[in-house]
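*Asks:* Top line first, the protein sequences correspond to chains H and Y. Sequential numbering from 2 applies to the first sequence in the working numbering. Sequential numbering from 2 applies to the second sequence in the working numbering.
Derived from the structure by calculation, the hints contain no laboratory data. There's no promise every hint is true.
Copies of the same chain look alike in the list, so a pair counts if it fits in one copy or across any two.
[Unchecked claim] Here are the simulated DSSO-like cross-link-like pairs (lysine-lysine), alpha carbons at most 30 Å apart as the crow flies:
(1) Lys187 <-> Lys16
(2) Lys186 <-> Lys134
(3) Lys163 <-> Lys134
(4) Lys169 <-> Lys382
(5) Lys5 <-> Lys379
(6) Lys382 <-> Lys493
(7) Lys151 <-> Lys316
(8) Lys12 <-> Lys37
(9) Lys196 <-> Lys75
(10) Lys36 <-> Lys14
(11) Lys127 <-> Lys16
(12) Lys96 <-> Lys459
(13) Lys127 <-> Lys14
(14) Lys17 <-> Lys206
(15) Lys151 <-> Lys432
(16) Lys36 <-> Lys456
(17) Lys151 <-> Lys448
(18) Lys4 <-> Lys36
(19) Lys318 <-> Lys196
(20) Lys134 <-> Lys14
(21) Lys37 <-> Lys464
(22) Lys36 <-> Lys197
(23) Lys490 <-> Lys471
(24) Lys206 <-> Lys471
Being a predicted model, the structure only gives us computed values, none of them experimental.
Protein chains: 2
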Amino acid sequence: MEKKLQEFREKIKEKKMIEGALEVLQWDLETTTPKKGKDYIAEIVGYLSMKEYNLTTSQEFEDCVEYLGNNIEKLNEVERKEIEELKEDIEKMKKIPPQEYQEYSELVARTQGVWEEAKAENNYNKYKGNLAKIFEYTIKFANYHRKDEKNLYDVILQDYEKGMTSEKLDEFFSLLKGEIVPLLKKIKEVGNPEKKLLQKIEIEKQKKFNRFIGEYLGFDFDRGVGAESEHPFTMNITKNDVRLTTKYIEDNPMSAVFSTIHETGHGIYEQQIGDNLQGTILGSGGSMGIHESQSRFYENIIGRDLHFWKGLCEKAKEEFTFLKDISLEDFYREINLVEPSLIRVDADELTYSLHIMVRYEIEKGIIDGSIDVEDLPKVWKEKMEEYLGVVPSTDSEGVMQDVHWSAGLVGYFPSYALGSAYSAQIYNTMKKELNVDEILESGEMYKIREWLGEKIHKYGKLKETPEIIKEVTGEDLNPKYYIEYLRDKYSKIYNI
Amino acid sequence: MEKKLQEFREKIKEKKMIEGALEVLQWDLETTTPKKGKDYIAEIVGYLSMKEYNLTTSQEFEDCVEYLGNNIEKLNEVERKEIEELKEDIEKMKKIPPQEYQEYSELVARTQGVWEEAKAENNYNKYKGNLAKIFEYTIKFANYHRKDEKNLYDVILQDYEKGMTSEKLDEFFSLLKGEIVPLLKKIKEVGNPEKKLLQKIEIEKQKKFNRFIGEYLGFDFDRGVGAESEHPFTMNITKNDVRLTTKYIEDNPMSAVFSTIHETGHGIYEQQIGDNLQGTILGSGGSMGIHESQSRFYENIIGRDLHFWKGLCEKAKEEFTFLKDISLEDFYREINLVEPSLIRVDADELTYSLHIMVRYEIEKGIIDGSIDVEDLPKVWKEKMEEYLGVVPSTDSEGVMQDVHWSAGLVGYFPSYALGSAYSAQIYNTMKKELNVDEILESGEMYKIREWLGEKIHKYGKLKETPEIIKEVTGEDLNPKYYIEYLRDKYSKIYNI
C-alpha cells in the first residue's frame with residue numbers, strides 16, 4: 002500500500018510537471034510568442050499534451066489508481082477525492098483515440114493565433130475553418146463520453162459544471178430573462194446621463210493603477226504576475242505562480258480596471274487554495290461556475306459598489322486625474338450604467354446575462370446541428386438584435402469577440418451566469434457575517450479575502466460546487482438572490 | 002537506410018521539441034515567473050532536461066546514429082554534420098550520470114532566481130553556495146569529458162570554442178594587454194570631456210526607440226520579440242522565434258541602446274540561419290566566439306561608428322530630445338569615451354577586454370583550485386584594481402554583475418574577446434567588398450545584414466568557426482586586425 006501510494010504520488014508529480022510546462026507554453030503563446038513562431042509552439046503543446054495523455058492512460062497508472070480505489074478506506078480525504086476524480090479522467094481520456102487527442106491539442110493551440118489575426122483583420126473566413134474543426138472535435142469527444150445524458154450538450158456541460166443540464170439552464174435563463182427584460186424596458190424609459198469616464202489615460206498610468214488595485218484587493222505579486230493579452234485571462238501553475246492578464250484601451254481606462262478586478266477575483270481564489278492540496282490534482286479552483294462566482298463577485302458586487310469606491314477614489318484620482326472633476330455619485334452612476342452594447346466583457350451587470358444567453362443558444366445549436374458554423378455571423382447578429390436590440394457592424398465586435406471557442410472552451414459561457422447567481426447568494430450570506438459596507442469604505446479588503454478563503458478557496462477541488470454552496474449559504478443554488486440583487490440595485494440607481 | 006533516416010528525423014524532431022519547451026521555460030524564468038514560483042519552474046526544467054537526456058542517451062537513438070554514421074557516404078552534407086555532432090554529444094552526455102544531470106539542470110535553473118535576489122540585495126553570502134555548486138559540477142563534468150586536454154579548463158573551453166586552449170588564450174590576451182595598457186595610459190593623460198548623455202528618459206520612450214533600432218538594423222519582429230530582463234540575452238527557439246531582452250536604466254538611455262544593438266546582432270544571426278537547416282540540430286548559430294563576433298560587430302564596429310549615427314541621429318532626437326543640444330561629434334566622442342569602469346556590459350571597447358581577462362583568470366583559478374569561491378569578492382576587487390585601476394564598493398557591481406556563471410556558462414567569457422577579434426577581422430574583409438561608411442550613412446542596413454547572412458549566418462552550425470573565418474577573410478584568426486582597429490580608432494579619437 003505504502004509503495005503504491007508512493008508510486009501514485011510520483012506519477013501525479015510527473016503529470017503535474019507536464020501540465021505546468023503546458024501552462025507556461027500556453028501563457029507564452031498568448032502573451033509573447035511572435036506571430037510566425039506560434040505554429041511551432043503549438044506543435045510542442047500537441048507533443049507534450051500527448052505525453053500527458055500517455056501517462057494518464059498508461060496501464061501502469063490505471064492499475065495504480067485502481068489498486069488505491071480498491072483500498073479507499075486506507076486513504077485520507079484528499080487522496081480519496083483524487084482517486085475519484087482520476088478514475089473519471091482516465092475513463093474519459095481513454096475513450097479518445099491518441100491521434101485525435103494530439104491533433105485536437107495542436108489545433109486548439111494553433112487556433113489562438115488564427116483567432117487573434119482574424120479578429121484584428123475582421124476576417125471571419127480566415128477563422129471559421131478552425132472554429133468548425135474545434136466544434137467537430139467537441140461533438141466527436143462528447144459522443145465518446147456520452148453516458149445517460151439526454152443530449153450531447155449536456156455531456157459537454159459536465160466539463161464545466163457537474164450535474165448541470167440544458168434543461169436546468171433553460172429554466173434558469175428563462176427566469177433571468179423574465180426579470181431582466183421588463184427591468185431593462187423601464188430603465189430605457191428613464192434614460193442615462195451623459196458619459197464622463199471615456200477619457201484618454203496613458204497605458205503606463207493605467208498599468209500603475211491596475212497593479213495597485215490588484216494589490217489593494219489582496220493579490221500577492223510575489224506569487225503572481227500581471228501581463229497583457231488580447232483577451233484577459235487567469236492562469237495558475239501553482240498557488241505560488243498565478244498569472245493575470247488585462248487588455249488596455251487608451252480612451253477607456255475603466256475597461257481595464259474592471260477586467261483587472263475580475264481576473265484578480267480568479268487570482269485570489271487560486272492563491273488561497275489550501276496548502277494541503279499542493280502537489281495533488283485538487284490544488285486549483287473548483288468548477289467554472291464557482292470560479293466565475295469569485296471573479297464576478299469582485300468585479301460587480303464589490304467593484305461596482307459605492308462604498309468600495311469611497312475607499313478607493315482618492316488613490317484613483319492620482320493616476321486618473323480626470324476623476325477630480327467628477328463626483329463620486331456620478332462616477333458610481335456611470336460604472337453601473339445600463340445600456341445594451343456589443344461587447345460582453347464591457348457589458349453592464351444587467352444586460353450581461355443576455356450576452357451569455359446569445360452564446361448559450363448558439364453553442365447548443367451548433368452541437369445539436371441546428372446552427373452551422375458557416376452562418377454564425379448572421380445568427381449572431383439576429384440573436385443580438387433579439388436579446389439586446391443592438392447589432393454589431395463587424396464580426397470582430399460580433400462572433401469573434403471572445404477567445405473561448407478558439408481555446409476549445411465550448412460549454413463554458415453558462416458558467417458566467419451561474420457564477421453571477423452563486424456570487425449573489427454568497428454575498429447574501431457574507432453580509433450577515435461581515436459588515437461589508439464598512440469594510441469596503443475602510444479598505445480592509447483582507448477581511449473579505451479571508452472570509453472567502455476560509456469558506457470557499459481553501460477547498461480547491463476537494464469539494465464539489467453544490468456542496469460548497471450548500472455549506473456556505475445553507476441552501477442549494479437559488480437564482481432568487483441574484484434576481485433580487487439586480488432588482489434592488491437597479492431600482493435604486495434608476496429610481497424605478 | 003530510408004527507414005533509419007526517418008527514425009532519426011523523428012527522434013531529432015522530438016529532441017528539438019523538448020529543447021523548445023525548455024527554452025520557453027527558461028525565457029519565462031528570466032522574464033516573467035514570479036519570485037515564489039521560480040523553484041517549481043526550475044523543477045520542471047530539471048524534469049524535461051532529464052527527458053532530453055534520456056532520449057539522447059537511449060540505446061535506440063545511439064544505434065540509429067551509429068548506423069547512419071556507418072553509412073555516412075549515403076548522407077547529404079547536413080546529415081553528415083549532424084551525425085558527427087551527435088556522436089560527440091551522445092558520448093559526452095553518456096559520461097554524466099543521469100541523477101547528476103538532473104540535479105545540475107535544476108540547480109542552474111534555480112540559481113537564476115537566487116542570483117537575481119542576491120544581486121538586488123548585494124548579498125554574496127546568499128549566492129555563493131549555489132555558485133560553488135555550479136563550479137563543482139563543472140569540474141566534475143569536465144573530469145568526465147577529459148580526453149587529452151592539458152588541463153581541465155581546456156576541456157570546458159571546448160563547449161564554447163572547439164580547439165581553443167588556455168595556452169592560446171594566454172597568448173592572445175597577453176598580446177591584447179600589451180596593446181591596451183599603454184594606449185590606455187596615453188588616453189588617461191589626454192583626459193575626457195564632460196559627459197552629456199546621462200540624461201533621464203522615460204522607459205516607455207526608450208522602449209520605443211530601441212524597438213525602432215531593432216527594426217532599423219533588420220531584426221524581423223514578426224519572427225521575434227523584445228522584452229526586459231535583469232541581464233540582457235538572446236534566445237532562439239527557431240529562426241522564426243528569436244527573442245531579445247534589454248535592461249533599461251532611466252537616467253542612462255544609451256545603455257539600453259547599445260545593449261539592444263548587441264542583442265540584435267545575435268538575433269539577426271539566428272533569423273538568417275539557412276532554411277535548409279531548420280528542423281536539424283544545426284539550425285542555430287555556431288560557436289560562442291562567432292556568435293559574439295556578430296553581436297559585438299553590431300554593437301561596436303557599427304553601433305559606435307560616426308557614419309552610423311549620421312544616418313540615425315534625426316530619428317534618435319525624436320525620442321531622446323536632449324540630443325538636439327549635442328553635436329554629432331560630441332555624441333560620437335562620448336559613446337567612444339574610454340574610461341575604466343566597474344560594469345563589463347557598459348565598458349568601452351578598449352577596456353572591455355580587460356574585464357574579460359579578470360573573469361578568464363578567475364574561472365581558470367577556480368577550475369584549477371587556486372581560487373576559492375568563498376574568496377571571490379576579494380579576488381575580484383584585487384583583479385579589478387590590477388587591470389582597470391577601479392574597485393567596486395559592492396559585490397553587486399563586482400562579482401555578481403554577470404549572469405553567466407549562474408547559468409552554468411563557465412568558460413563563456415573568452416568568447417567575447419575572441420568575438421571582438423573575429424569581428425575586426427571580418428570587418429577588414431567587408432570593407433573591401435562594401436562601401437560600409439556609405440551604407441551606414443544612407444541607412445541601407447540590409448546590405449550589411451545580407452552580406453553577413455550570405456557569408457556567415459546561413460551556415461548555422463554546419464561549418465566550424467575556424468572554417469568560416471578562413472573562408473570569409475582568407476586567413477585564420479589573426480588578432481592583429483583587432484589590435485590595429487583599436488589603435489587606429491582611439492588614436493584618432495584622442496588625437497594621440
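*Asks:* Next, verify each hint and record whether it holds.
*Replies:* Each hint tested on the structure:
With identical chains, the CA atoms of Lys187 and Lys16 are never at most 30 Å apart, being 54 Å at best within one copy and 64 Å at best between copies. In this assembly of identical chains, the alpha carbons of Lys186 and Lys134 never lie at most 30 Å apart, being 40 Å within a copy and 71 Å across copies at closest. In this assembly of identical chains, the alpha carbons of Lys163 and Lys134 lie at most 30 Å apart only when taken from the same copy (25 Å versus 50 Å across copies). Taking the shortest alpha-carbon separations for Lys169 and Lys382, only the intra-copy value of 26 Å comes in at or below 30 Å, while the best inter-copy value is 74 Å.
Neither within a single protomer nor between protomers do Lys5 and Lys379 lie at most 30 Å apart by alpha-carbon distance, with minima of 56 Å and 53 Å respectively. For the homomeric pair Lys382 and Lys493, neither the shortest alpha-carbon distance inside one copy (32 Å) nor that between copies (71 Å) is at most 30 Å. Proximity of Lys151 and Lys316 under a CA criterion of 30 Å is satisfied in neither setting, with 53 Å inside one chain copy and 66 Å between copies. Taking CA atoms no more than 30 Å apart as the test, Lys12 paired with Lys37 passes between copies only; the shortest distance there is 24 Å, against 35 Å inside one copy.
With identical chains, the CA atoms of Lys196 and Lys75 are never at most 30 Å apart, being 63 Å at best within one copy and 75 Å at best between copies. Proximity of Lys36 and Lys14 under a CA criterion of 30 Å is satisfied inter-copy only: 21 Å between copies versus 33 Å inside one chain copy. Within a single copy, Lys127 and Lys16 get their C-alpha atoms no closer than 35 Å, and across copies no closer than 32 Å, so neither meets the 30 Å cut-off. In the homo-oligomer, the alpha carbons of Lys96 and Lys459 never lie at most 30 Å apart, since the shortest distance is 32 Å inside one protomer and 47 Å across protomers.
For the identical chains of this complex, Lys127 and Lys14 are inter-copy neighbours only, at 29 Å across copies versus 40 Å inside a copy, given an alpha-carbon limit of 30 Å. Taking identical chains as interchangeable, the C-alpha atoms of Lys17 and Lys206 are never at most 30 Å apart, the minima being 37 Å within one chain and 41 Å between chains. In this homomeric assembly, Lys151 and Lys432 never come within 30 Å of each other (Cα to Cα): the closest approach is 39 Å inside a single copy and 77 Å across copies. Taking the shortest Cα distances, Lys36 and Lys456 sit within 30 Å of each other only across copies (28 Å), while inside one copy they are farther apart (43 Å).
For the homomeric pair Lys151 and Lys448, neither the shortest alpha-carbon distance inside one copy (44 Å) nor that between copies (67 Å) is at most 30 Å. Taking CA atoms no more than 30 Å apart as the test, Lys4 paired with Lys36 passes in neither setting, with 47 Å inside one copy and 34 Å between copies. For the homomeric pair Lys318 and Lys196, the shortest alpha-carbon distance inside one copy (17 Å) is at most 30 Å, but the shortest distance between copies (39 Å) is not. In this assembly of identical chains, the alpha carbons of Lys134 and Lys14 lie at most 30 Å apart only when taken from different copies (26 Å versus 33 Å within one copy).
For the identical chains of this complex, Lys37 and Lys464 are inter-copy neighbours only, at 27 Å across copies versus 43 Å inside a copy, given an alpha-carbon limit of 30 Å. For the identical chains of this complex, Lys36 and Lys197 are neighbours neither inside a copy (37 Å) nor across copies (39 Å), given an alpha-carbon limit of 30 Å. Proximity of Lys490 and Lys471 under a CA criterion of 30 Å is satisfied intra-copy only: 25 Å inside one chain copy versus 79 Å between copies. Taking the shortest Cα distances, Lys206 and Lys471 never come within 30 Å of each other, neither inside one copy (42 Å) nor across copies (54 Å).
In the structure shown, a violation is registered for the earlier hints numbered 1, 2, 5, 6, 7, 9, 11, 12, 14, 15, 17, 18, 22 and 24, in ascending order.
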